[in-house]
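Residue numbers (our numbering), protein chains in the order written: chain A, 20 to 536; chain D, 20 to 536.
Warning: the hint list may mix true and false statements.
Which copy is meant is left open, because identical chains are indistinguishable; a pair holds if it fits in one copy or across any two.
What the hints assert, rightly or not - Here are the simulated DSSO-like pairs of lysine-lysine, each with C-alpha atoms no more than 27 Å apart in a straight line:
id	residue 1	residue 2
1	K478	K347
2	K293	K493
3	K347	K262
4	K175	K370
5	K520	K175
6	K318	K293
None of these hints come from the bench; they were simulated from the model.
Residue-level listing of the chains:
2 protein chains.
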Amino acid sequence: MQLTQALTRAVQIHPRKVGTICGDRSRTWGEIGDRVARLGAALRALEVKPGDRVAVLALNSDRYIELFFAINWAGAAIVPLNIRWAIPENVYALKDCEPSALIYDDEYAEAVAQLQQQHPVRCLIYMGDKAVPSGHQDYEALIRSTAPMENACGAKDELAFICYTGGTTGFPKGVMLSHTNVVYGLLNWIASYHHSDETVFLHASAYCHLAGAWPAMAVTMTGGRHVVLPKFQAETAFAAIEKHRVNHCLFVPTMINLLVHHPDFEKYDLSSVKDCIYGASPISDAVQTAVLAKLPTWKFIQGYGMTETSAVSLTMPWRYHFDGEDHKSKRLGTGRASFGVDIRIVDAQGKELPRGETGEIAIHGPQVMLGYWRNPEATAATIRDGWLFSGDAAWMDEDGFAYIVDRKKDMIISGGENVYSREVENAVSLHPAVLECAVIGIPDEKWGEAVHAVIVQKKGHRASAEDIIEHCHKWIAGYKCPRSVEFRDAMPVSTQGKLQKNLLRDPYWQGQRRAVT
Amino acid sequence: MQLTQALTRAVQIHPRKVGTICGDRSRTWGEIGDRVARLGAALRALEVKPGDRVAVLALNSDRYIELFFAINWAGAAIVPLNIRWAIPENVYALKDCEPSALIYDDEYAEAVAQLQQQHPVRCLIYMGDKAVPSGHQDYEALIRSTAPMENACGAKDELAFICYTGGTTGFPKGVMLSHTNVVYGLLNWIASYHHSDETVFLHASAYCHLAGAWPAMAVTMTGGRHVVLPKFQAETAFAAIEKHRVNHCLFVPTMINLLVHHPDFEKYDLSSVKDCIYGASPISDAVQTAVLAKLPTWKFIQGYGMTETSAVSLTMPWRYHFDGEDHKSKRLGTGRASFGVDIRIVDAQGKELPRGETGEIAIHGPQVMLGYWRNPEATAATIRDGWLFSGDAAWMDEDGFAYIVDRKKDMIISGGENVYSREVENAVSLHPAVLECAVIGIPDEKWGEAVHAVIVQKKGHRASAEDIIEHCHKWIAGYKCPRSVEFRDAMPVSTQGKLQKNLLRDPYWQGQRRAVT
């Protein structure tokens with residue numbers, strides 16, 4: 020049970036078929052297999068040892084897909100760094116996981132230069148198409164000049180993957196996934212989303228997130244075909260679907276909304292698409308109506324998962340978005356247990372609650388992570404008796420569908436990105452004028468939710484909203500920064516002194532359903 | 020990762036849906052879940068302890084499906100005894116695995132009485148619909164009278180399943196499968212055969228074989244529906260497909276052949292079927308032509324697997340049965356690696372052979388059995404360095420499709436050349452007059468063994484032996500072509516539809532010993 024098996028299968032069953040398409044480049048699975056074995060050897064020659072970590076900071080590309088396998092081929096674990104994070108955040112990740120190499124592309128050349136100043140990584144590999152910076156290794160030259168090596172991938176319970184997630188404590192945590200975790204997650208993905216070697220998958224979600232990385236590996240396991248966009252853009256997505264007869268894709272509802280209302284929508288033939296995975300939030304009534312009318316061949320499947328559970332834990336097939344012969348519409352739900360995954364709604368003691376009662380989603384099965392990298396306390400707090408406590412509050416109906424009512428961790432989902440309010444509060448708090456602050460998600464037509472900061476200023480201070488927002492941009496990624504700021508004289512607190520965020524949030528949501536539900 | 024998770028998921032997501040239909044009986048997943056928890060408790064009360072084995076000797080039924088889960092619910096492992104075996108063979112199995120209980124139905128009441136004389140099992144549970152024999156427990160009474168217990172299923176690497184396979188050495192061997200083996204096999208099955216909770220599966224293969232047991236567990240995992248036939252019979256299969264709108268099934272080619280040529284074929288609506296799994300042998304030209312004309316909605320998927328690898332290891336989708344845009348027909352093949360399974364063609368030293376060279380199929384992955392029960396020698400001979408050596412001779416083409424040329428023991432040695440009968444059968448089958456054929460080695464003074472073909476012709480066809488031999492010379496090397504041909508009205512087949520080659524071969528070998536044993 021090894022992550023690399025996904026690739027060796029594709030090479031065995033479809034050696035001459037084009038496996039990756041990225042811009043003008045396309046490569047067969049035979050070529051990709053050969054390149055991965057060479058890259059693995061090159062990493063070894065660069066003293067990447069078995070058990071090491073290798074970080075990647077890059078936009079999506081065909082090469083990035085190779086890296087999922089090449090790094091593991093050399094016996095190391097891949098660490099896809101978050102492409103939206105600010106320098107201090109990724110410095111934290113680098114210091115934490117101590118990679119022996121960092122691989123980057125043109126888009127992040129400048130960021131890498133800054134990272135190097137704060138936490139130098141010994142070996143830098145440039146994966147771009149311009150001139151190779153002095154002292155850095157060149158990705159393509161390494162492939163050309165190194166003979167392929169035998170697969171030296173780790174064993175089933177060894178580390179394959181570390182993915183950093185924004186921490187509720189303000190510090191990122193490295194989710195450790197074993198080969199078993201990942202491979203089981205891939206099989207589950209394939210079975211849940213009906214992939215086969217006929218799958219042509221459009222990648223528009225960043226590979227540093229599970230929504231990008233898992234299809235990159237799962238479609239490889241099927242021997243299908245990847246069509247890779249460096250980032251999401253409606254026009255390029257339209258063109259790629261039409262040109263390459265894409266039949267599977269993944270978009271968050273915000274992207275879907277953008278697509279169906281785009282002025283060029285009618286210009287393209289999008290009828291090759293059969294299945295579209297979505298996640299992060301339920302699909303709104305307006306979007307569902309629009310896709311039914313405008314994308315009749317597309318079947319939407321909702322997926323709920325966490326990096327901590329190697330992607331998909333709950334799924335909702337398209338037919339449950341409507342009333343059926345034997346069921347009512349489950350559209351406000353998040354899906355039900357996917358294959359081989361145990362789901363329970365539990366109380367604070369971990370005891371399963373009756374259907375209809377709200378508790379925390381707990382997840383059990385072979386996909387549950389090894390733990391958080393070098394963080395036994397956080398691991399112990401999250402995995403108890405083999406059950407992973409998701410931090411999401413939900414109830415379950417009589418048909419096993421879960422309905423998320425709140426993120427215990429108080430996450431805001433803005434444009435499909437998870438923003439943890441605590442993390443933003445930490446950044447806001449660093450401003451000298453701030454006495455207290457609370458960050459909430461408020462309704463936003465474009466982003467689903469917008470990050471909104473409520474602030475009590477220190478006496479004698481008079482910071483403006485602009486001051487606060489500008490300050491935050493120095494500390495955290497742009498998408499996490501508040502889009503609006505509200506000043507108050509005091510925070511609403513309970514008699515026990517606990518901040519009552521719901522009193523801040525509720526007035527904004529009168530008559531509306533939060534995207535995060 | 021527990022076998023019982025398949026059931027708990029079905030109960031969670033489809034509690035009120037009918038899960039099993041058997042004759043006039045139907046039960047919902049909620050009822051089945053409750054019955055299993057009661058049965059598990061009853062087994063415990065009957066002193067079945069964790070780690071024990073519980074044997075079953077019965078025809079297929081809805082109750083048998085419950086047993087896969089109930090025995091494991093109690094923490095024991097299930098041992099489905101072979102329903103076709105003679106008393107001495109099952110006595111051997113009982114002595115070998117020492118079950119603490121034996122569960123049987125009406126069909127095997129007499130056999131169990133005989134087994135008891137030779138190897139008494141302490142606890143006997145009667146699962147029939149007649150009067151309960153004195154001193155035996157009654158299945159339904161146990162369920163009625165016992166309160167349900169919490170799931171006490173074993174852990175991932177613990178024993179879930181022992182299945183006895185006929186040994187070429189003359190002694191049966193008990194294949195030990197862990198929960199991980201089984202669950203991984205189920206996920207692979209679901210992904211390979213496109214099951215979902217919309218699956219309505221017709222069971223016509225005995226549950227003592229993987230072709231019966233794996234869909235029984237896999238379709239449970241999806242929350243689909245089982246339609247159970249006690250045994251295969253064309254009329255009941257037709258009627259069940261039509262009545263219950265069956266959409267998935269599994270038949271061996273001999274059964275398929277029987278179905279499409281049955282006089283009542285036209286009377287039934289069989290168009291609800293979408294996918295039909297088949298195995299044991301490739302589908303002949305005649306059968307393929309017939310199903311294309313008569314069963315246009317059915318897509319046939321070939322599966323190759325062994326009990327030792329928890330079912331499916333190679334699969335061949337329907338489109339590979341024909342020439343396609345990007346491939347030639349692979350119809351004579353057996354499929355290619357299924358998800359997460361490593362397949363190699365290796366020489367006697369276990370070294371991978373180049374494509375096109377014939378060697379032994381070796382299989383690696385999380386599905387490979389724990390070993391043979393109390394038989395470390397046989398285990399060591401079969402699993403080497405984590406690879407399971409199948410005993411099947413095959414070669415692999417450039418697209419990763421394996422072509423089984425024969426079971427090692429079925430090889431014919433003629434004039435010092437190895438002739439694999441399967442390969443000759445494939446060539447013979449391409450003749451338009453051939454409905455069924457079997458190729459065996461018969462004694463020959465000059466060549467040691469001579470290639471001999473036994474053929475059943477299609478109705479209205481009258482090919483001569485010369486026609487057949489001449490035809491074969493177009494497809495395979497001269498030394499592989501039949502030297503003699505025998506025409507018969509029907510093949511000797513088991514009730515499961517499996518060709519009994521020994522009955523063809525034995526008369527020729529009276530008083531002589533074959534070189535290949």
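Comparing the hints with the structure gives:
| no. | hint | in the structure |
| --- | --- | --- |
| 1 | K478 <-> K347 | neither (30 Å within a copy, 53 Å between copies) |
| 2 | K293 <-> K493 | neither (35 Å within a copy, 43 Å between copies) |
| 3 | K347 <-> K262 | between (38 Å within a copy, 25 Å between copies) |
| 4 | K175 <-> K370 | between (31 Å within a copy, 22 Å between copies) |
| 5 | K520 <-> K175 | neither (39 Å within a copy, 41 Å between copies) |
| 6 | K318 <-> K293 | both (6 Å within a copy, 19 Å between copies) |
Hint compliance for this structure: hints 1, 2, 5 are broken, all remaining hints hold.
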